[in-house]
Each structure stands twice: as structure tokens, then as C-alpha cells.
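**Student:** Take these sequences, add in the hints, and give me the full structure.
In terms of my numbering, the sequence shown opens at residue 1 and continues consecutively.
You may find that some hints are simply not true.
[Stated by the list, open to error] Estimated spans, in silico, between C-beta atoms of each pair:
#: 1; residue 1: V50; residue 2: A21; range: 17 to 25 Å
#: 2; residue 1: T4; residue 2: V45; range: 20 to 28 Å
#: 3; residue 1: L5; residue 2: L33; range: 31 to 39 Å
By construction, these hints were calculated from the structure, which means they are not laboratory data. Ideal Cβ positions, reconstructed from N, Cα and C, are used throughout, including at glycine.
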Amino acid sequence: MLQTLKYVTLTCLALGLIWCAYFLVLAMMKPELADYADNMSELIVSVLTVISIIFAFFEFIRRKD
1 MLQTLKYVTL TCLALGLIWC AYFLVLAMMK PELADYADNM SELIVSVLTV
51 ISIIFAFFEF IRRKD
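**Tutor:** This is the structure in C-alpha cells:
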């Protein structure tokens, strides 16, 4: 299960990087959408932080046993 969780986490992080890069380019190409792009990037980073914390918790539990 932990292997699956590890790959899901890495996949989510990779997708988050791609989406954040997309919103960075969007903000540069269309300055009127900069606020939208900034808010979406913050949302993506927040979700990825929660996913990473969950993975770290399961890793901690696994190593503790």
C-alpha cells in the first residue's frame, strides 16, 4: 500500500508542478488573469501540501511499527 501511496504522491506532485508552470505562463501572457493564476497556484500548492503531509504521516506510522 505504501508503494502505491508513494507513486500517487509523486504523480500528484509532478502534475502540480506542470499546472503551476501553466498558470505562471498564463499570468505572463495575459496579465489581466494574473490574480486568477496566482489564486489557482496557491490552491494547487495547498492541496499538494496536504497530500505530502498525509504521505509523511503514513511513512512515519510504517517506520514506527
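**Student:** Going through the numbered hints above, which ones does this structure break? Give me the numbers in ascending order.
**Tutor:** No numbers; nothing is violated.
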